[in-house]
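*Asks:* Between the sequences and the hints, there should be enough to build the whole structure, so can you do that?
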Amino acid sequence: MADKRTTADAAVAQLADGMTIGIGGWGSRRKPMALVRALLRSPLKDLTVVSFAGPDLGMLCAAGKVRRAVFGFASLDSIPLEPYFRAARQAGAIEASEIDEGMLQWGLYAAALRLPFLPTRAGLGSDALALNPWLRTVRSPYDDREELVAMRALELDAAIVHVHRADVSGNAQILGPDAYFDDLFCMAAKRRIVSCERIVRTEELLARGPLQTLRIHRGMVDAVVEAPRGAGFTSCEPDYPRDEAAQKAYAASAQEPGGWDAFRATYLTETVTGGA
Amino acid sequence: MSSPDYALHEVCVVACAEAWRGDGEILASPIGVLPAVAARLAKATFAPDLLMTDGIASLVSNGVVEGWMPYRTVFDTVWSGRRHVMMGASQIDRFGNQNISCIGDHARPKAQLVGMRGAPGNTINHPTSYWIPAHSTRVFVPKVDVVCGVGYDRAAALGPSARFHGLRRVVTNLAVLDFESPDHAMRLVSCHPGVSPADVVKATGFPLVVPEHVETTRTPTTEELRLLREVIDPQGTAARELGR
Numbered sequence: 001m002a003d004k005r006t007t008a009d010a011a012v013a014q015l016a017d018g019m020t021i022g023i024g025g026w027g028s029r030r031k032p033m034a035l036v037r038a039l040l041r042s043p044l045k046d047l048t049v050v051s052f053a054g055p056d057l058g059m060l061c062a063a064g065k066v067r068r069a070v071f072g073f074a075s076l077d078s079i080p081l082e083p084y085f086r087a088a089r090q091a092g093a094i095e096a097s098e099i100d101e102g103m104l105q106w107g108l109y110a111a112a113l114r115l116p117f118l119p120t121r122a123g124l125g126s127d128a129l130a131l132n133p134w135l136r137t138v139r140s141p142y143d144d145r146e147e148l149v150a151m152r153a154l155e156l157d158a159a160i161v162h163v164h165r166a167d168v169s170g171n172a173q174i175l176g177p178d179a180y181f182d183d184l185f186c187m188a189a190k191r192r193i194v195s196c197e198r199i200v201r202t203e204e205l206l207a208r209g210p211l212q213t214l215r216i217h218r219g220m221v222d223a224v225v226e227a228p229r230g231a232g233f234t235s236c237e238p239d240y241p242r243d244e245a246a247q248k249a250y251a252a253s254a255q256e257p258g259g260w261d262a263f264r265a266t267y268l269t270e271t272v273t274g275g276a
Numbered sequence: 001m002s003s004p005d006y007a008l009h010e011v012c013v014v015a016c017a018e019a020w021r022g023d024g025e026i027l028a029s030p031i032g033v034l035p036a037v038a039a040r041l042a043k044a045t046f047a048p049d050l051l052m053t054d055g056i057a058s059l060v061s062n063g064v065v066e067g068w069m070p071y072r073t074v075f076d077t078v079w080s081g082r083r084h085v086m087m088g089a090s091q092i093d094r095f096g097n098q099n100i101s102c103i104g105d106h107a108r109p110k111a112q113l114v115g116m117r118g119a120p121g122n123t124i125n126h127p128t129s130y131w132i133p134a135h136s137t138r139v140f141v142p143k144v145d146v147v148c149g150v151g152y153d154r155a156a157a158l159g160p161s162a163r164f165h166g167l168r169r170v171v172t173n174l175a176v177l178d179f180e181s182p183d184h185a186m187r188l189v190s191c192h193p194g195v196s197p198a199d200v201v202k203a204t205g206f207p208l209v210v211p212e213h214v215e216t217t218r219t220p221t222t223e224e225l226r227l228l229r230e231v232i233d234p235q236g237t238a239a240r241e242l243g244r
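First to last, the protein sequences are chains A and B.
No gaps in the numbering here: position 2 of the first sequence is 2 in our numbering, and each next residue is one more.
No gaps in the numbering here: position 236 of the second sequence is 236 in our numbering, and each next residue is one more.
Possibly wrong hints are sitting among the right ones.
Some, not all, of what chain A presents toward chain B, calculated at C-beta under 8 Å [as the list claims (entries may be wrong)]:
id, residue
1, S78
2, A96
3, E101
4, Y142
5, E147
6, F181
7, T202
8, L205
9, A207
10, P210
11, D222
Calculated from the structure, these hints are not laboratory results.
Keep in mind that this is a model prediction, so the values were computed, not measured.
Using N, Cα and C, we set each Cβ at its ideal position, and we do this for glycine too.
*Replies:* This is how it looks when you write it as structure tokens:
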């Protein structure tokens, strides 16, 4: 089996300007922040970000890396609104492809299955269609003739996700209560980067959790990055909860002049000392 | 008459709880603190079969984990229709179109809110109610800036594709409203104690259907007050959503 170990910066160096990048996790939960930090350090720009969004999207917006966001929401959970995303939106700085969160899942699933679209009722009658002229409806070919949203495949150039354990070839284990849509992000992407709290030997994986925790297998992964506390400050239960104090400081920085530069400097330095 | 032994937030909790009466064994999804207290009250009294999550990924009944409900299963449940959500609204119009996306022009909003989340999919797939803690013309507007939750006029235009659409009730700090009028325009059902229909009309930025007879919202029973104060919400967290 191939050894896919690399560093966050080396993995991100494989990406290019203008790419569409899917980011796993949910809100401020198990976000691949070590890899987001690498994106922040990189010269990458004009990215399209697809995310059930939290500080991942907020920080990339603050750093001016985002051209377009495909999202259903952006929230820090315990703090309802994502401050830097909010600022970017209110400055008109990013293109907002806002859709229902279930449509987002369906778009990833369609891409994963190499389908042009998947049908759904979600979005009908709402401005999710009016605001997104790239989305169309389709009529059922069966007797019901029902009109449905043809949720377009959200094909990703790359996906980044953070999990609890993985082996060197990318068999990845999610020990938390929710896998979110991390496996779909990987399946929808051409290049799949997985960071993990700890790299373990393959035979150790099942000692740590039941078979169902092995949600992502090596056929879905191109690069493995060991990144202890690699989701911080977002939560990575059961390994660690959200660092609410750090999140509060992040949110507060958005209210201060020069706040992002100060936060960015600290946040990126922490990574070096964290060994990721 | 002696002064009432209940507070406004307790009237609101009961009015929100009533939204789930008769729903049976479906997922009750309250968004926000007061609706969550309300759903727990409904489950503890007249709607014992309701399914509820802990907000993470567990189904919890009487403090015991009884099942697994990660987001993927929540989405499946939404589309299966076996759910009744109570959402908030930064704006809502006469036919129940709801906005939680942003205020102003979507390309460059005056105020970015949380985003449309699951509101489009919720409203087109299963029953939806709303909790609005500050009833005012800022929220009850003639036209919402972004349609997230789908209202009755838009649902009617969709025809059979909207056959699972249904808005049950809107509970505010002033009143209970629904859409049981001939064209499904919002109707005043009951005013909370001390509130007049004129107060509600004044706080609403569109013409409200006001029947000749408007009831007073049901006040909490002694047992409901005991449950709220001793078991479900001893810290009185529900009160904090009012008067902001």
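*Asks:* If you test the structure against every hint from before, which numbers come out violated?
*Replies:* Checked against the structure, the hints that fail are numbers 1, 4, 7, 8, 9, 10, 11, while the rest are satisfied.
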